[in-house]
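Using the hints, position chain B against chain A.
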Amino acid sequence: MASTTLPDGGVYVRDTVQTAAKLLVVGPFGVGKTTLIGAVSEIEPLRTEEVMTQAGALVDDLRGVEDKRTTTVAMDFGRLTLSPELVLYLFGAPGQQRFTRVAPVWRQLALGAYGALVLADTRRLDASFDAMETVEGHGLPYAVALNSFPDSPHFPEEELREALDLRPETPLVDCDARDRASAARALIALVKHVRTHYQEHVS
Amino acid sequence: MTPRRVRTDLVRQYVITGGRNRPSRNTHTLELVTLVTATGDRPVAELEPEQQRMVRLCLGGYLSVAEVAGHVRLPVSVTTILLADLIDSGHMVARKPPPVARPTDLDVLEKVLDGLNNIA
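Protein sequence lines, in the order shown, are assigned to chains A and B. Each position in the first sequence, counted from 1, maps to that position plus 23 in the working numbering. Each position in the second sequence, counted from 1, maps to that position plus 13 in the working numbering.
Only chain A is shown next, with the shape it has when bound in the complex (with noise of 0.2 Å):
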């Protein structure tokens, strides 16, 4: 059977669907996220937000809320076939490195993924820290792209290195967002490092 249509006019995973690979897509707000994963998703990226109360829980004591001391973590995300056997997961999320309220939720993230696209912007390259922080937290390999937009400085790429103190095995890489190719490259520069990455850990 092909996939058929959801209810509100989505599209199911392919029954010969055997294996589901997930990459993460992490930056600070309105650096491109939720616009990169849906310039490759075939569905129309997602929405789910976990309600964290004080401890870290998730929603086992509504006590902690009464004082509405909750963080929301948001995390859009997005699907593509990329064969009859296989599909592939964007998940998009800030780094939140400064909450460890929000670790399960990152552990979950993380757990089963193969590694992380962190978007930055030229414009303000330091918001990008976080999400790079939480990645190497949790030992994802990582390429960072750089999105472009309209008023974007450019920098020669050492000083881009050097300002967000990549290691030299670390991939960077121009993308526009928006643009479906532009984004699946920058996805293909992330694989091949996470291969490299793993190559080195087979011993």
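Just so you know, the hints here were simulated from the structure itself, not pulled from any lab data. Careful, some of the hints might be misleading.
To be verified - Simulated restraints, written as ranges between beta carbons of each label pair:
| no. | chain 1 | residue 1 | chain 2 | residue 2 | range |
| --- | --- | --- | --- | --- | --- |
| 1 | A | Gly160 | B | Ala58 | 22 to 28 Å |
| 2 | B | Ala58 | A | Asp188 | 55 to 61 Å |
| 3 | B | Gly31 | A | Ser175 | 46 to 52 Å |
| 4 | A | Gly160 | B | Leu72 | 38 to 44 Å |
As the list claims (entries may be wrong) - Calculated pairs, SDA-like style, for lysine to any residue (alpha carbon to alpha carbon, straight line, at most 20 Å):
| no. | chain 1 | residue 1 | chain 2 | residue 2 |
| --- | --- | --- | --- | --- |
| 5 | B | Lys109 | A | Gln41 |
| 6 | B | Lys124 | A | His216 |
| 7 | A | Lys215 | B | Lys109 |
| 8 | B | Lys124 | A | Pro51 |
| 9 | A | Lys215 | B | Arg108 |
| 10 | B | Lys124 | A | Thr93 |
| 11 | B | Lys124 | A | Ala204 |
| 12 | B | Lys109 | A | Asp38 |
| 13 | A | Lys215 | B | Glu123 |
| 14 | B | Lys124 | A | His161 |
| 15 | B | Lys124 | A | Ala212 |
| 16 | A | Lys215 | B | Lys124 |
| 17 | B | Lys109 | A | Thr104 |
| 18 | A | Lys215 | B | Leu126 |
| 19 | A | Lys215 | B | Asp127 |
| 20 | B | Lys124 | A | Thr104 |
| 21 | B | Lys124 | A | Tyr221 |
| 22 | B | Lys124 | A | Ser106 |
| 23 | B | Lys124 | A | Arg218 |
| 24 | B | Lys109 | A | Ser106 |
| 25 | B | Lys124 | A | Pro107 |
| 26 | A | Lys215 | B | Ile132 |
| 27 | B | Lys124 | A | Thr39 |
| 28 | A | Lys215 | B | Gln64 |
| 29 | B | Lys109 | A | Tyr221 |
| 30 | B | Lys124 | A | His220 |
| 31 | B | Lys124 | A | Gln41 |
| 32 | A | Lys215 | B | Ala133 |
| 33 | B | Lys124 | A | Arg203 |
| 34 | A | Lys215 | B | Leu119 |
| 35 | B | Lys109 | A | Glu108 |
| 36 | B | Lys124 | A | Arg37 |
| 37 | B | Lys124 | A | Gln222 |
| 38 | B | Lys109 | A | His216 |
Quantities reported herein were computed from a predicted structural model and do not represent experimental measurements. Heads up, the beta-carbon is just placed ideally off N, CA and C, and yes, glycines get one too.
For chain B alone, coordinates are given in the frame of chain A:
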């Protein structure tokens, strides 16, 4: 593009999960990208409205746990608990979760690369 927002009604979430923050069965069998579908052979009248929506949503085919959460507009944590109950009751079934990323999955990575190269 603004994705649809999820409802964050904590009180209702607390009620429909019976105050639990963990599924009745092993949590690790339901990951974000675990694929689930409805069996279609169990009555739904006794289920919570949210669970009825999940079953109806999945009657036509497979969706990931994350997609179910997005469509029914509930957090993944709550969705996982409700889906686990539906699997226990035979309303839903889950595909084997995908293998956790490790060096032996290099063949999957190659297939991901092939697929991305087709649209780049």
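Hint check:
no. : hint                           : in the structure
1   : A:Gly160 x B:Ala58: 22 to 28 Å : violated, 46 Å
2   : B:Ala58 x A:Asp188: 55 to 61 Å : holds, 58 Å
3   : B:Gly31 x A:Ser175: 46 to 52 Å : holds, 50 Å
4   : A:Gly160 x B:Leu72: 38 to 44 Å : holds, 40 Å
5   : B:Lys109 x A:Gln41             : holds, 9 Å
6   : B:Lys124 x A:His216            : holds, 15 Å
7   : A:Lys215 x B:Lys109            : violated, 26 Å
8   : B:Lys124 x A:Pro51             : violated, 30 Å
9   : A:Lys215 x B:Arg108            : violated, 28 Å
10  : B:Lys124 x A:Thr93             : violated, 40 Å
11  : B:Lys124 x A:Ala204            : holds, 17 Å
12  : B:Lys109 x A:Asp38             : holds, 13 Å
13  : A:Lys215 x B:Glu123            : holds, 9 Å
14  : B:Lys124 x A:His161            : violated, 24 Å
15  : B:Lys124 x A:Ala212            : holds, 14 Å
16  : A:Lys215 x B:Lys124            : holds, 11 Å
17  : B:Lys109 x A:Thr104            : holds, 18 Å
18  : A:Lys215 x B:Leu126            : holds, 8 Å
19  : A:Lys215 x B:Asp127            : holds, 11 Å
20  : B:Lys124 x A:Thr104            : holds, 11 Å
21  : B:Lys124 x A:Tyr221            : holds, 15 Å
22  : B:Lys124 x A:Ser106            : holds, 8 Å
23  : B:Lys124 x A:Arg218            : holds, 11 Å
24  : B:Lys109 x A:Ser106            : holds, 18 Å
25  : B:Lys124 x A:Pro107            : holds, 11 Å
26  : A:Lys215 x B:Ile132            : holds, 16 Å
27  : B:Lys124 x A:Thr39             : holds, 15 Å
28  : A:Lys215 x B:Gln64             : violated, 40 Å
29  : B:Lys109 x A:Tyr221            : violated, 23 Å
30  : B:Lys124 x A:His220            : holds, 17 Å
31  : B:Lys124 x A:Gln41             : holds, 12 Å
32  : A:Lys215 x B:Ala133            : holds, 14 Å
33  : B:Lys124 x A:Arg203            : holds, 19 Å
34  : A:Lys215 x B:Leu119            : holds, 11 Å
35  : B:Lys109 x A:Glu108            : holds, 14 Å
36  : B:Lys124 x A:Arg37             : holds, 17 Å
37  : B:Lys124 x A:Gln222            : holds, 15 Å
38  : B:Lys109 x A:His216            : violated, 27 Å
Going through the hint list in order, the structure does not satisfy hints 1, 7, 8, 9, 10, 14, 28, 29 and 38.
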